[in-house]
Amino acid sequence: GDSVTQMEGPVTLSEEAFLTINCTYTATGYPSLFWYVQYPGEGLQLLLKATKADDKGSNKGFEATYRKETTSFHLEKGSVQVSDSAVYFCALSGSRLTFGEGTQLTVNP
Amino acid sequence: DTAVSQTPKYLVTQMGNDKSIKCEQNLGHDTMYWYKQDSKKFLKIMFSYNNKELIINETVPNRFSPKSPDKAHLNLHINSLELGDSAVYFCASSQGSQEESPLHFGNGTRLTVT
Numbered sequence: 054g055d056s057v058t059q060m061e062g063p064v065t066l067s068e069e070a071f072l073t074i075n076c077t078y079t080a081t082g083y084p085s086l087f088w089y090v091q092y093p094g095e096g097l098q099l100l101l102k103a104t105k106a107d108d109k110g111s112n113k114g115f116e117a118t119y120r121k122e123t124t125s126f127h128l129e130k131g132s133v134q135v136s137d138s139a140v141y142f143c144a145l146s147g148s149r150l151t152f153g154e155g156t157q158l159t160v161n162p
Numbered sequence: 002d003t004a005v006s007q008t009p010k011y012l013v014t015q016m017g018n019d020k021s022i023k024c025e026q027n028l029g030h031d032t033m034y035w036y037k038q039d040s041k042k043f044l045k046i047m048f049s050y051n052n053k054e055l056i057i058n059e060t061v062p063n064r065f066s067p068k069s070p071d072k073a074h075l076n077l078h079i080n081s082l083e084l085g086d087s088a089v090y091f092c093a094s095s096q097g098s099q100e101e102s103p104l105h106f107g108n109g110t111r112l113t114v115t
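Just so you know, the protein sequences line up as chains A and B, in that order. Here the numbering used here is used: the first residue of the first sequence is 54, the next is one more, and so on. Here the numbering used here is used: the first residue of the second sequence is 2, the next is one more, and so on.
Derived by calculation from the structure, the hints in this document are not laboratory data. Yeah, the Cβ is synthetic: ideal placement off N, Cα and C, and Gly gets one too. Errors might be hidden in some of the hints.
Among the chain A residues that face chain B by a calculated CB cut under 10 Å, a handful are [what the hints assert, rightly or not]: (1) Met60; (2) Val64; (3) Ala70; (4) Phe71; (5) Phe87; (6) Gln91; (7) Gly94; (8) Gln98; (9) Leu99; (10) Lys102; (11) Ala103; (12) Ala106; (13) Gly114; (14) Arg149; (15) Gly155; (16) Thr156.
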């Protein structure tokens, strides 16, 4: 069945550091891929998405490129801020939406 | 102008009790969901309703019973609460299937069973 694997957390960075959170997937067909973010005390919200191979999703300085050849959708940001501290979830839409296990990011000033 | 609202935000109760969580969305979406998030942040879908009809029913104890009086509301009733039910429960909605459009989540209900 479909599955999503994220890099284990937690990840701790200093402000202005470069961020990468790895995400790989297993799916049949051509799923859409998503990153959701969960800020403390809140529900998840969509951060970005990509619907086909080589698409790049971007929002709030975050980017992720749909790589079919490596079945990956890694999340990147060039310079993180304290306000980016949250849990990040990679997800794919196959027969149903499948979430990864989440990666806790803490950014220190 | 809250899009997806859940009540209560916190719920502390004893084992064996019955409790309900309510959810309402004002986005005009036709599909609503219940998710359970455990202490390690793992997210698991429990139920999904489309236009008041149950379309996803995961392997969830039948002590959990969802009810959708109309497409803007999806409530979750839990009978005979157990310690293992302690978690954060999220309601969500989307237009169409979750594969087609992004989910909009409520802020969660933190259930603690003592």
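Next on the checklist: Hint compliance check: list the failing hint numbers for this structure, sorted ascending.
Outcome noted: 1, 2, 3, 4, 11, 12, 13
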